[in-house]
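Student: Order-wise, the sequence lines are chains A and B.
So the first sequence is numbered by our numbering: it starts at 1 and just counts up by one.
So the second sequence is numbered by our numbering: it starts at 1 and just counts up by one.
Check the hints yourself; a few may be wrong.
Simulated DEER-style distance windows between Cβ atoms [unchecked claim]:
{"no.": "1", "chain 1": "B", "residue 1": "37", "chain 2": "A", "residue 2": "229", "range": "53 to 63 Å"}
{"no.": "2", "chain 1": "A", "residue 1": "53", "chain 2": "B", "residue 2": "22", "range": "23 to 33 Å"}
{"no.": "3", "chain 1": "A", "residue 1": "132", "chain 2": "B", "residue 2": "72", "range": "26 to 36 Å"}
{"no.": "4", "chain 1": "A", "residue 1": "149", "chain 2": "B", "residue 2": "7", "range": "48 to 58 Å"}
Footprint (simulated), chain A over chain B, 3 or more residues, beta carbon under 8 Å [as the list claims (entries may be wrong)]:
{"no.": "5", "region": "27 to 34"}
{"no.": "6", "region": "71 to 84"}
Now the stretches of chain A that chain B is said to cover, found in silico as 3 or more residues with beta-carbon under 8 Å [said to hold, decoys possible]:
{"no.": "7", "region": "49 to 60"}
{"no.": "8", "region": "104 to 112"}
The set of hints was computed from the structure by calculation and includes no laboratory data.
In this text, a Cβ means the ideal position worked out from N, Cα and C, and glycines have one as well.
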Amino acid sequence: MRFGIAVFPGTWSDRDWAHAVSLDGHEAVMLWHKEADLRGADCVILPGGFSYGDHLRCGAIARFAPLMAVVADFAREGGLVLGSCNGFQILCEAHLLPGALLRNESLEFRCQPQALRVETTATPFTAGCAVGELLSMPVAHGEGRYVADVATLDELEAQDRVIFRYAPARDQRAAGASPNGSQRDIAGIVNGARNVLGMMPHPERACEPLLGSSDGLRLIRSVVAALDARGAVAV
Amino acid sequence: MSVYAIDVVVRLKPVINDPQGLSVRHGLRALGFAEVRQARVGKFIELEVEAASESGARERVVEMCEELLRNPVIEDYSIEAARAVDEAAAAS
Numbered sequence: 001m002r003f004g005i006a007v008f009p010g011t012w013s014d015r016d017w018a019h020a021v022s023l024d025g026h027e028a029v030m031l032w033h034k035e036a037d038l039r040g041a042d043c044v045i046l047p048g049g050f051s052y053g054d055h056l057r058c059g060a061i062a063r064f065a066p067l068m069a070v071v072a073d074f075a076r077e078g079g080l081v082l083g084s085c086n087g088f089q090i091l092c093e094a095h096l097l098p099g100a101l102l103r104n105e106s107l108e109f110r111c112q113p114q115a116l117r118v119e120t121t122a123t124p125f126t127a128g129c130a131v132g133e134l135l136s137m138p139v140a141h142g143e144g145r146y147v148a149d150v151a152t153l154d155e156l157e158a159q160d161r162v163i164f165r166y167a168p169a170r171d172q173r174a175a176g177a178s179p180n181g182s183q184r185d186i187a188g189i190v191n192g193a194r195n196v197l198g199m200m201p202h203p204e205r206a207c208e209p210l211l212g213s214s215d216g217l218r219l220i221r222s223v224v225a226a227l228d229a230r231g232a233v234a235v
Numbered sequence: 001m002s003v004y005a006i007d008v009v010v011r012l013k014p015v016i017n018d019p020q021g022l023s024v025r026h027g028l029r030a031l032g033f034a035e036v037r038q039a040r041v042g043k044f045i046e047l048e049v050e051a052a053s054e055s056g057a058r059e060r061v062v063e064m065c066e067e068l069l070r071n072p073v074i075e076d077y078s079i080e081a082a083r084a085v086d087e088a089a090a091a092s
């Protein structure tokens, strides 16, 4: 399987993603922001980082990159797009996902392991998980507070599009688990067609036991299984 | 064509929680400015644009705000000032 990994000026998690997908023998191709070319990718990753220095608003400038025009076309045609951290911010600014991501309520940059509760498995990204299951992945962001108007939040829930919520670690109480003050503890959402995922946590940094969790591989394997089912060429 | 200097203020919508503003309020009160009841932090953007008229310049800046300068999910904007600059140079 070939994963296309977007690289903007200031992207910082591209090589981590390339390493993560290589663990199962998949191919990573880097997609330079100035080139309107997905290089035959089966799935597009928008990694974390600080694209264009977070100027104006996080993710606001990446929307104009030549690469993003073809990513948007790919998404409209049903291609799988996974944006993590800055990638989530870019997807919101590009109007491929609803809502916006604002400064953490604490005003602190939060870099920590984070428990996530899987809210739906009816997506190509979480088909290999179980509803209610807790996954552990790091968060590392200063601007991850998910905000949308009430009608949008209600619609996301009614359509089963909230894919992850921040959850307390196993030994804590069920409240106050969000690292950033997101509305309704939302950590990740999918679009209406369920082929575009935005999430603040970092699956690519949770792919080996040495790093404390391999739960990120669950997403990668779900994506691969979904693409296999579509008839893409598997490694 | 003339050049117009246009000031745009981008504010968080009133319904959006502004922790940065709360910190500013807290800091001011800690300095003895006990009368501060609220503080909210926004953005100030100075533009210089070429246009045939001030109203034409303002119309274009509205389009810029709608397309890029503000995020409609979280922000409102207003054009605070517009004035012609550098007209002699533009006319030469």
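Student: Each of the hints needs a verdict: does it hold here or not?
Tutor: How the hints compare with the structure:
1. In this structure, residue 37 of chain B and residue 229 of chain A meet the distance hint of 53 to 63 Å, their C-beta atoms being roughly 58 Å apart.
2. At about 26 Å, the CB distance of residue 53 of chain A to residue 22 of chain B agrees with the hint of 23 to 33 Å.
3. Between residue 132 of chain A and residue 72 of chain B the CB atoms are about 35 Å apart, so this pair conforms to the stated range of 26 to 36 Å.
4. Between residue 149 of chain A and residue 7 of chain B the beta carbon distance is about 28 Å. The supplied range of 48 to 58 Å is therefore violated.
5. For the region 27 to 34 of chain B, the proposed coverage by chain A is not satisfied: 0 residues have a C-beta within less than 8 Å of a C-beta in that chain, short of the threshold of three.
6. A count of 3 residues in the region 71 to 84 of chain B with a Cβ less than 8 Å from any Cβ of chain A is obtained; the coverage claim is therefore met, three being the minimum.
7. With a cut-off of 8 Å between beta carbons, the region 49 to 60 of chain A has 3 residues touching chain B; three or more are needed, and the interface restraint holds.
8. Counting residues of the region 104 to 112 of chain A whose beta-carbon sits less than 8 Å from any beta-carbon of chain B gives 4, enough to reach three: the coverage restraint holds.
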